[in-house]
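Quick note, the sequences are listed as chains A and B, same order. In the working numbering, each residue's number is its place in the first sequence (first place is 1) plus 4. In the working numbering, each residue's number is its place in the second sequence (first place is 1) plus 17.
Treat each hint with caution, since some may be false.
Unchecked claim - Under the rule of at most 30 Å between Cα atoms (straight-line distance), these lysine-lysine pairs were calculated in the DSSO-like manner:
#1 A:K458 - A:K434
#2 B:K380 - A:K223
#3 B:K380 - B:K312
#4 B:K167 - A:K248
Honestly, the hints are just simulated from the structure, not real lab data.
If you want the building blocks of each chain, they are given just below.
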Amino acid sequence: MQQGKSRAGGAMQEKQYTPSLLSFFIYNPTFGPREGEEEKKILFYHPSDIEKNEKIRNVGLCEAIVQFTRTFCPTKPAKSLHTQKNRQFFFEPEDNFWIVMVVRNPMIEKPNKDGKPPTIEYQEEEILDTVYGAVVRQCYSMYKLFNGTFGRAMEAGGVELLTQKLEKFFYRYLQTLHLQSCDLLDVFGGISFFPLDKMTYLKIQSFVNRVEESLSLIKYTAFLYNDQLIWSGLEQDDMRILYKYLTTSLFPRHSEPELAGRDSPLRPEVAGNLLHYGRFLTGPTNLKDPEAKFRFPKIFVTAEDGYEELHLIVYKAMSAAACFMISASVELTRDFCEQLDGLVGPQLTLLASDICEQFTINRRISGPEKEPQFKFIYFNHMNLAEKSTIHMRKTASVCLTSVHPDLMKILGDINCDFARVDEDEEIIVKAMTDYWVVGKKSDQRELYVILNQKNANLIEVNEEVKRLCATQFNNIFFLD
Amino acid sequence: MTEPPQQHYLELSENPVQFEHASSVNNVFFDEANKQVFAVRSGGATGVVVKGPDDKSSVAFRMDDKGEVKCIKFSIGNKILAVQRTSKSVDFINFIPDYPHTEFSQECKTKNANVLGFCWTNWNEIVFITDQGIEFYQVFPDKRSLKLLKNQSINVNWYQYCPETAVILLSTTVQGNILQPFAFRNGTMSKMSKFEIELPVIPKPAKLSLSERDIAMATIYGQLYVMYLKHHSRTANSPSAEVVLYHLPREGACKKSHVLKLNTTGKFALNIVDNLVVVHHQSSQTSLIFDINLKEPDCAVNTHQPVLPARSIHPYRMPLAGPAVVPSQPPVPCQLYSSSWSVFQPDIIISASEGYLWYLQVKLHPTVNLLQDKGKLMDFLLRRRDCKMVILSVCSQILEGGVKGSLPVVATVFDKLNQVYKEYLEAEQSYTVAMESGPSRGSAAQKRPVRTQAVIDQSDMYTHVLSSFTERKEVSHKFVIAVLMEYIRSLNQHQITVQHYLYELVIKTLVQHNLFYMLHQFLQYHVLSDSKPLACLLLSLESTYPPAHQLSLDMLKRLSTANDEIVEVLLSKQQVLGALRFIRSVGGHDNVSARKFLDAARQTGDQMLFYTVFRSFQQRNQRLRGSPAFNPGENKPRIWFIFQMKPTIGGLKI
């Protein structure tokens with residue numbers, strides 16, 4: 005994970021290191037209150053090969069800091085600890101359960117002459133509490149999505165089961181954390197919605213309703229196109245984390261082989277004379293396989309009485325993906341899957357091509373897209389809608405941005421300022437690199453614009469942003 | 018018969034025309050043109066009683082007995098009576114007041130010809146059909162004479178007349194299967210193209226093979242058809258009888274257009290009711306109905322199977338006629354499909370022996386349970402006359418059932434209804450446009466489109482189906498929402514503007530079940546179209562669902578005619594500066610009343626804010642009128658004066 009990056013500079017090369025994960029642990033102080041039992045507090049520790057006493061020491065330190073700071077503000081426990089080399093983030097998702105993530109600050113390694121060891125310069129202020137605080141919370145939400153709460157595991161099988169579950173989940177999950185590319189979007193944890201005309205949207209509604217009616221086992225349905233959400237039968241918070249899982253983990257995993265040309269999705273399945281391209285992304289890869297297992301991942305979502313456990317069936321045809329959620333108490337059979345495949349496959353294939361067609365028409369109407377002078381991030385707290393022209397398409401491994409990290413940091417800083425007050429605000433910053441950065445907050449919406457107009461003055465920048473709002477956001481109430 | 022009574026989809030009219038039944042002294046005639054029954058007693062000497070569909074067309078009179086009456090008909094409007102007593106001539110009697118009443122007579126012009134019959138084509142125009150041709154006359158009642166307008170020589174076996182279209186069909190040639198139609202209109206006679214009826218067997222030697230009884234003419238869906246009852250024949254490869262329809266256009270060639278499969282053999286009779294072809298089958302005492310506009314997916318083009326299973330006409334009871342009737346005596350059941358029945362086009366059944374004339378009617382309610390395919394049922398119902406309430410009840414029935422997989426059916430039904438609804442709206446619109454553009458260029462004066470019962474609009478659906486459906490407790494809200502969305506989808510698909518009350522129904526249902534996130538998504542994709550009432554409805558939801566505030570403001574913004582409302586909303590939220598900035602951005606700052614802004618600013622208790630707002634308006638006044646003072650018309654609250662005085666007090670250094 006230690007990605008070294010060379011900066012051009014003759015023989016004397018500096019090496020820059022991005023922030024990286026030092027350790028990640030989960031503990032519960034009430035599990036080992038007596039001396040000598042400290043190890044019992046630790047439920048999960050990464051990296052696991054660290055010596056036991058050091059683990060105990062680190063956990064103890066966190067515990068102490070949290071206890072100590074509590075005296076100053078009992079209602080708001082400490083969230084992070086800044087040190088020269090690293091930053092620690094504390095999060096108590098459930099009573100007495102603490103998740104701690106330690107991130108090493110980014111640093112620059114400057115080689116010295118005469119064979120002396122290189123000087124290391126830590127950039128303590130380069131990382132943002134809000135971004136990594138959000139990352140920790142996301143870790144917990146993702147665990148909860150697939151396992152339910154810590155409390156649930158405790159009830160079901162005590163500490164032993166919980167540690168098993170934590171080990172199983174986080175061992176893999178932490179490998180997928182890419183701390184160097186975390187930014188403002190992690191703070192928002194938003195959902196990208198697919199722009200669609202009313203008629204096509206109603207067709208999708210109709211499709212979802214029909215499937216839910218004929219396969220009455222299905223409790224909730226979500227519909228995505230091009231990795232963007234169109235319909236969610238789940239509540240907003242559950243959809244938020246499921247969306248995160250789908251777009252950052254499941255879809256990229258399946259799209260990469262497609263892009264590589266292997267495992268072609270073109271499956272000339274003849275079902276009632278109807279060719280369709282539907283396939284299961286979770287569960288059986290091939291329905292015809294007599295050995296196929298009909299096991300689907302289980303997810304936990306909030307329900308009226310706490311939570312409910314559901315099978316997650318993700319079914320995709322071309323760019324359209326439908327997630328069907330079915331109560332986990334039902335056992336899913338080959339029969340059911342075949343029925344679903346037969347019903348959904350042809351319809352979804354048709355819908356996917358409908359949407360694609362409609363989308364191309366709409367794009368043609370809106371005219372050829374010119375390379376705009378600006379890049380922006382938009383987020384609406386009310387529906388979690390997010391839109392970014394800064395970020396490239398997400399892949400399984402990295403989330404690419406098209407702007408310099410320094411600018412991303414400025415965006416994060418502006419966001420922190422906005423979070424502090426309730427009022428509408430506007431902040432305009434001229435960055436070192438001659439970029440203009442504008443942040444606007446209107447009611448529950450936030451807009452961040454990066455303008456590449458070196459010679460523009462403040463008034464021109466303001467006008468430019470107004471123009472942007474008028475063209476891109478003319479159908480919402482967004483105060484100038 | 019033990020079948021439930023609601024299964025009969027055909028019935029005889031409740032108020033039949035009653036007349037003196039046929040007997041040795043009383044001859045009964047029926048005129049299809051005026052739909053009049055003539056009861057001629059003793060050749061007319063003891064009286065002729067004419068009963069029509071209404072009292073106005075009923076007449077009674079006497080005439081001299083000059084021999085057996087072969088045919089008797091009034092001209093249109095009961096102006097002139099024509100009586101045929103011999104095969105050579107027709108006698109006329111004026112029924113116009115002040116005209117001489119003495120009979121006059123007209124012999125057919127063609128020598129040695131026999132008059133087969135005659136038809137009135139107008140109040141004073143008559144056609145004689147002889148075995149050697151037709152003669153078209155104009156009658157001059159005042160002169161008591163006729164003038165030959167036109168004649169045509171042609172060998173005629175028999176003829177048929179369709180009064181609706183004034184078309185006479187002649188059977189010609191030895192076999193009788195070449196049919197020659199003639200059309201009459203305002204004193205002109207035009208020969209239409211002749212056509213041949215395909216006989217099942219060609220007889221050898223040639224002889225008359227097409228019977229008058231097997232041919233009928235009627236208009237179906239506004240088009241004239243010749244219906245041919247093609248009996249099954251053992252020699253030809255036709256296992257059962259069928260009805261073959263030949264379309265007879267005003268211009269152009271006649272074409273065989275539809276084949277109705279009867280799937281049985283025996284004696285049949287045809288009626289046309291509500292554009293349906295009704296085929297009565299005597300031996301089974303049942304009737305079949307066919308709708309030639311109903312597409313049969315699994316049949317060859319234009320081959321039709323009966324729409325519904327065969328059923329008999331609804332049992333009919335006749336009160337005992339005559340003055341001697343005992344009041345308590347129950348009515349006796351009428352023998353249906355009796356051999357004494359005569360069937361006339363389009364929808365008339367006469368029992369001469371009992372003295373009844375009925376109109377055949379289709380009852381739509383029983384069809385609902387007989388036709389399982391709801392899409393087909395809708396296609397069927399939408400073409401019927403009194404269909405509205407039946408259609409609405411079918412809609413309710415589909416929704417009530419809650420049968421699994423009924424959504425696609427619901428969708429199909431909605432689409433069919435809205436297709437008709439849309440066609441009507443479009444016709445209405447193009448009519449309005451044509452009217453507005455002025456009648457000057459309206460040489461083809463457009464007729465206002467007729468709103469048939471098949472036009473089921475949103476208010477009908479709301480009142481009779483949806484509002485009660487959404488209130489049903491036992492139906493899952495998921496299904497309710499799915500149905501409402503399906504209806505909205507269907508309306509949108511047909512480019513029909515959705516009425517506000519439907520959106521309200523959706524919102525009400527969603528709110529009742531706390532499905533705010535769904536509502537939010539619908540609004541996000543503009544499924545619920547923007548309107549001020551909808552925006553206000555959303556505002557009212559803010560206390561239970563805070564994001565409704567944003568949704569509402571967005572909607573008002575998009576409407577672009579609701580700037581005042583936006584200002585009010587913002588002021589009510591004490592966002593005075595926001596309101597001010599907004600009104601400036603839309604250019605309404607100059608005309609806005611300062612008072613409500615200042616009131617709102619004062620209510621915040623924020624002195625700085627009040628001052629800012631106050632100054633902003635002073636500056637506006639300065640710019641507009643050259644003075645910071647407010648117009649006297651602008652009613653200022655008292656606190657303004659305090660504010661205006663303050664700097665003065667400061668200046669005095671108290």
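Can you confirm whether the C-alpha distance between B:K380 and B:K312 stays at or below 30 Å? holds, 22 Å
Taking 30 Å as the top limit, are the C-alpha atoms of A:K458 and A:K434 close enough? holds, 9 Å
Is the straight-line distance between the alpha-carbon of B:K167 and that of A:K248 30 Å or less? The hint is violated at about 89 Å.
Given the hinted pair B:K380 and A:K223, is their Cα-Cα distance within 30 Å? Distance ~43 Å between B:K380 and A:K223 Cα, so the pair is violated.
When each numbered hint is compared with the structure, violations occur for hints 2 and 4.
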